[in-house]
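*Asks:* Below are the chains, spelled out letter by letter.
Protein chains: 4
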Amino acid sequence: MPEKTLNIGVVGCGFMGRTHSNAFRTAPHFFDLPYKPVLKTVCSRNPETVEAFRSRWGYETAETDWRCLVERKDVDVIDIASPNDTHAEIAIAAANAGKIVLSEKPLGRNASESLAIVDAVQKAKVPNMVWYNYRRIPAVTLAKQLIDSGRLGRIFHYRAKFLQDWTISASLPQGGTGLWRLDAAVAGSGVTGDLLAHCIDSALWLNGSIASVTAATEIFVKERTHVRTGKPEKIEIDDAATFIARFANGSLGTFEATRYARGHKALYTLEINGEHASIFWDLHDLHRLQYFDHRDESQLRGWRSIHITDADHPYMKHWWVPGLQIGYEHTFVHQAADFITSLSKQEPLWPNFQDGLATDFVIDAVLNSARDGQWKKVQHAA
Amino acid sequence: MPEKTLNIGVVGCGFMGRTHSNAFRTAPHFFDLPYKPVLKTVCSRNPETVEAFRSRWGYETAETDWRCLVERKDVDVIDIASPNDTHAEIAIAAANAGKIVLSEKPLGRNASESLAIVDAVQKAKVPNMVWYNYRRIPAVTLAKQLIDSGRLGRIFHYRAKFLQDWTISASLPQGGTGLWRLDAAVAGSGVTGDLLAHCIDSALWLNGSIASVTAATEIFVKERTHVRTGKPEKIEIDDAATFIARFANGSLGTFEATRYARGHKALYTLEINGEHASIFWDLHDLHRLQYFDHRDESQLRGWRSIHITDADHPYMKHWWVPGLQIGYEHTFVHQAADFITSLSKQEPLWPNFQDGLATDFVIDAVLNSARDGQWKKVQHAA
Amino acid sequence: MPEKTLNIGVVGCGFMGRTHSNAFRTAPHFFDLPYKPVLKTVCSRNPETVEAFRSRWGYETAETDWRCLVERKDVDVIDIASPNDTHAEIAIAAANAGKIVLSEKPLGRNASESLAIVDAVQKAKVPNMVWYNYRRIPAVTLAKQLIDSGRLGRIFHYRAKFLQDWTISASLPQGGTGLWRLDAAVAGSGVTGDLLAHCIDSALWLNGSIASVTAATEIFVKERTHVRTGKPEKIEIDDAATFIARFANGSLGTFEATRYARGHKALYTLEINGEHASIFWDLHDLHRLQYFDHRDESQLRGWRSIHITDADHPYMKHWWVPGLQIGYEHTFVHQAADFITSLSKQEPLWPNFQDGLATDFVIDAVLNSARDGQWKKVQHAA
Amino acid sequence: MPEKTLNIGVVGCGFMGRTHSNAFRTAPHFFDLPYKPVLKTVCSRNPETVEAFRSRWGYETAETDWRCLVERKDVDVIDIASPNDTHAEIAIAAANAGKIVLSEKPLGRNASESLAIVDAVQKAKVPNMVWYNYRRIPAVTLAKQLIDSGRLGRIFHYRAKFLQDWTISASLPQGGTGLWRLDAAVAGSGVTGDLLAHCIDSALWLNGSIASVTAATEIFVKERTHVRTGKPEKIEIDDAATFIARFANGSLGTFEATRYARGHKALYTLEINGEHASIFWDLHDLHRLQYFDHRDESQLRGWRSIHITDADHPYMKHWWVPGLQIGYEHTFVHQAADFITSLSKQEPLWPNFQDGLATDFVIDAVLNSARDGQWKKVQHAA
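Which chain is which? The protein sequence lines are A, B, C and D, in order.
Quick note: the first sequence, position 167, residue 473 per my numbering, numbers continuous.
Quick note: the second sequence, position 188, residue 494 per my numbering, numbers continuous.
Quick note: the third sequence, position 126, residue 432 per my numbering, numbers continuous.
Quick note: the fourth sequence, position 176, residue 482 per my numbering, numbers continuous.
Keep in mind that the hints were calculated from the coordinates and are not lab data.
Since the model is a prediction, treat every value here as computed from it, not as a measurement.
Mixed in with the good hints there might be a few duds.
Same chains, same names: a pair is fine if it fits in one copy or spans any two.
To be verified - In silico DMTMM-like cross-links for lysine to aspartate or glutamate, where the CA-CA straight-line distance does not exceed 20 Å: (1) K682 / E524; (2) K342 / E366; (3) K571 / D618; (4) K431 / D382; (5) K450 / E577.
Same shape as in the complex, but just chain A:
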């Protein structure tokens, strides 16, 4: 274990609080890290919740007010894993306090919030990173390497969808722990910011920027009981969203996300078709990459199902032996390990808040197009 430490303060004890805590806990056992990450403090409003979480994960202290956390001298990194409506305020304060700032995705509830966050970290010149964790799935990282090496040739098509089915029941309420994703005031948007955001981040990373989009969104269940009021309230978030994209490289993209696709739990799939080769990947079998190469001998061309568990696959030499798969949580471990390593080398962190903003610009264009039915150009940062 290295002697130097990096003190982490996490905001949020929910699903993402757990993935981040586990990532910082686990990374040093599997990766040679220049700094030892220390779970310094965790912050959440409810004192009992946060104390239980502190104890379970071995944080040294707990806080109930993120403002106190941000002011702590013994914390190097503010890691925001709380609901979307808290990101901007905390991130900006943390940047102003000179902290390294990490944030769950989406960066803001909309591009305007994200712009403010980016301004803050740029002014403060603090390292920053957004947790688009799927970039660190070894199969997706390998896809990136293959594309960047030119192996696919000219790209014609990009295809992504993220299908879930957990909100079909009309009796599911909105608001409250775990269900804030159905409350537009907290979440910003529905599947667009939640699920499409992942698809868009991967697409921008793998296939470059998106020039313009045409989109449609839909709300299938129009009202749900709100846990705050106890009454049926109008649903403002998008239950489903789909868009067509023109990429800057001339390729055509199709995107879709929904929580009404019966039979799919978290089926994020992406496919990219190039002149010479194609790639397909699927979150439900995240340890595989499908690859087709037209340069294979004619009679024997076929989609290869590659079990991404070999030592020469990205990240995999740190884990077990060939054939033994890793899972979802490992993506956060990889990102934590990369973060600490890059930080020590003063290399760029990725994806950073600028990247998070780029995705939010696309989201805005999608939601705007869905509103008025027109093609929208995607805004790009100056």
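Following the hints, position chains B, C and D against chain A.
*Replies:* Structure of chains B, C and D alone, referenced to chain A:
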């Protein structure tokens, strides 16, 4: 074998001429038909080609001018299997001559041509049918039965794509036998009329009418040598097309077709997500249907891969034994058998030219939307 | 169509009578054949059955006594598609009458019967062929070509199974049409002669001869009502059989067949593992071949799912276009076409009765080993 | 975190040392445990290796002599994760010292060693457990629950194989770190004790005891350079092993393991066919269970691919949300958590050394049968 005969005259000796000939040849061996189909005559412009085809398939006679064919008293059915630019003229003449008229898809090169064809058969009151053969894939027919029985409940999503990769090479010419599909004057459109037409026909059949669409098309290779001129000529057909649809039943549709999806030969897939159950089907494994039912016991819910080879699956009792799959050509045999049976009972033929027109209205809306970037309402027949 | 004809007389109107009739009917439409096969006559004991079959398939005449068929001067080929207990008698008589003799598999009910058949055709010097149709599945033929070209290198493992589930119900009777396979007197053996026979024939063809075996068989339902007696009678056939084989080339084989594998209709799978490459194939998706090549670039090694529908795949240029699959019945069409072509060139027919005998020697060894628990050497023809 | 602690001493810093360390580290973050496991000490012969391992995993101390470890008063649990030839000596000493004893599989190098170990723990009356970790894959645990509930009905077939390809190269040496598995003196046997042991343990657990077996083993590469002598030495371990089993419940089993199956890294598959339902599972996609139920509606019967990531699937409520898969290492976490919970409740640990012995009796029978070609009855503990 029945004593009554039905005399068939086929126009076209290409790919579709073969599938139709085989269908009429094979159907009576596997189905109990009220009429015996007789391969009376086949028609194609080139005398040698048509004579070789006649001999191979056992047609009694051959013709080189479809006008002669249409006038023959000993022919009951005119079956049009020639390129798209011939459909309207022949179909209208055949209708005027009082023949039963069958046509390959798409019905016309555009909705305007199709309208004229529909007018002709309606005035002449002659039975008519368009060969959207994929309706008769047993798995697809079963899907239709499941949807119509209400088993899926309210439909949220319809998703279809038809991916090929055979025109990626820029050295492929346009025009001529087999390549008329790249020549806009002959084909009418590119993948929209060729591939999306199948997706649209299935969608209208399975999920009802489409209200409006927004679309994009793309031409990836802008010029190709034309076999007629020997020179590079501008490509006018769409290499790829994608659209978002709003169905009349409130569900959201996504559609895509391309000939630039490396690794896919004829990957027509469709998925439909309902409140209670979902269905997925794939032309590359056409003998399977994927089915998910949320009403299954919670722990054991999963997508079922149903091998559609049992005697209680549509059409399958006519073939072999469970586990033994049929193939592509059988869809035409099924349609030929259904045609003859329905004809004898004076039941509606399906899909008829009106159905073919409905698909062409959607195609027109898609191409119009792709042209000006606006959402288009889909026209419906009076 | 060629002028020369080849007159076929088929014995049997059951499942195999249909596949053979269809094969000879269809082959000339898709293959350029030197002789036109003529469906001269079909033979079955029941006059009404045989007349209905004659009419449906367009045979010129019908016979009810195979002895008359064998004596007919206008018949060139006697094709035996009747139950196993009739093969030897008919084949020997046909050979003695100087006919070309084709037989369904297994050749005899046991190796002793098969030996007599082989003696007869060898003495009579008549061409002969046994319908192990799975050799002509394009994916399996391609496997053979790959193995023979040395692409797999030294072979370590051969693995085959044929799983069905149609006899699990204890109320299923034995004997009678369609169920003679449960009657040992007619069938000879159970799954060993019915299903393992296919696995063994493929194995001998693909991987060379088997030196020795150890085996187990099982009867899960001990008694079934016999349709002849109307009473429960002891079941003598094997419901399940499994054996371990040592091949002459040093590789190890595992084989299994059963009719008690719930969920499998006709799941014949085979896998062969070589030093450099491996192959997997599955009858339930017969149009695909799985192929793994260790010489692929390390990071991108994976099992390729090859959709065997391209023009350069065995037999496929005769059918449709890439992506459009064929089915079960096509294997018989291929064998019929090969038969006619080889016959005209006086090339060896394959598999011939000698090959059928080789399989029956393995079957005998398996059943003997299952009886006494000892390893058995497999007998080989002189 | 609980106040009570359980002090763990691990022997071995290799692959299994890592999986166990990670399991005890991770379990308390995800499971509510009655005792907090403390990584007290780790033991390995090489001082530098063990110190590096101690530091990386946060063990309080390190030992280089397991005898010292066993005598330590502050250690409650001796967990043996060192090569097979060390299991017996350490386990017996640990039992004699009154420790709770855990051991990696196989228990001994042969049944005779395992018997001695079982005797020791039974005399000492100490809790004991063997790490057959695949029982705790959620899909496999669910399979067990389904079988025990009677859902499959009478069992007809059990089918398991474990295929790898990492020893095909003849230039791979034997002996030394990581390659002791090729050295018979250390490993006891080859794939039989390494891979088949897993298959057998699962089989005994899921399907009950095995009565008798017939087997074959093979050594494909006869000599390999030994790292100790630097010279080619005869290979004594089995490269491949296959056997047929008769289970006590009347079902028939087929088993195979090899390190020469090109294309498979760690493909452990198991299938069980019952009267009403069947189950298939595959280590390469360990988060899925394939399930077929004949009681499903006839037209819609199919193999269900169940994504085992729901809260009502075994162990899964402790992890993430539906659709997000776990991986290989989690099996050890589950076993560690179950171990601590059962220990606190004084409930039986499973699988215990008696279970490990039962597997070793089958292994002995397999190796004996392979030696002399005879069926062997499997010995059972008194």
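*Asks:* Pop the pair K450 and E577 into one bin, within, between, both or neither, using alpha-carbon distances up to 20 Å.
*Replies:* Close inside one copy (12 Å), not across copies (28 Å); limit 20 Å.
*Asks:* For the identical chains here, do K571 and D618 meet the 20 Å Cα criterion within one copy, between copies, both, or neither?
*Replies:* between (30 Å within a copy, 14 Å between copies)
*Asks:* I want to check one pair: K682 and E524. Are their C-alpha atoms no more than 20 Å apart within a copy, between two copies, both, or neither?
*Replies:* The answer is both: 18 Å in one copy and 18 Å across copies each meet 20 Å.
*Asks:* Checking K342 and E366: alpha-carbon separation at most 20 Å within a copy, between copies, both or neither?
*Replies:* Both ways: K342 and E366 sit 15 Å apart in one copy and 17 Å across, limit 20 Å.
*Asks:* With identical chains, the pair K431 and D382 could be close in the same copy or across copies; at 20 Å between alpha carbons, which is it: within, between, both, or neither?
*Replies:* within (14 Å within a copy, 51 Å between copies)
No hint from the list above goes unmet by this structure.
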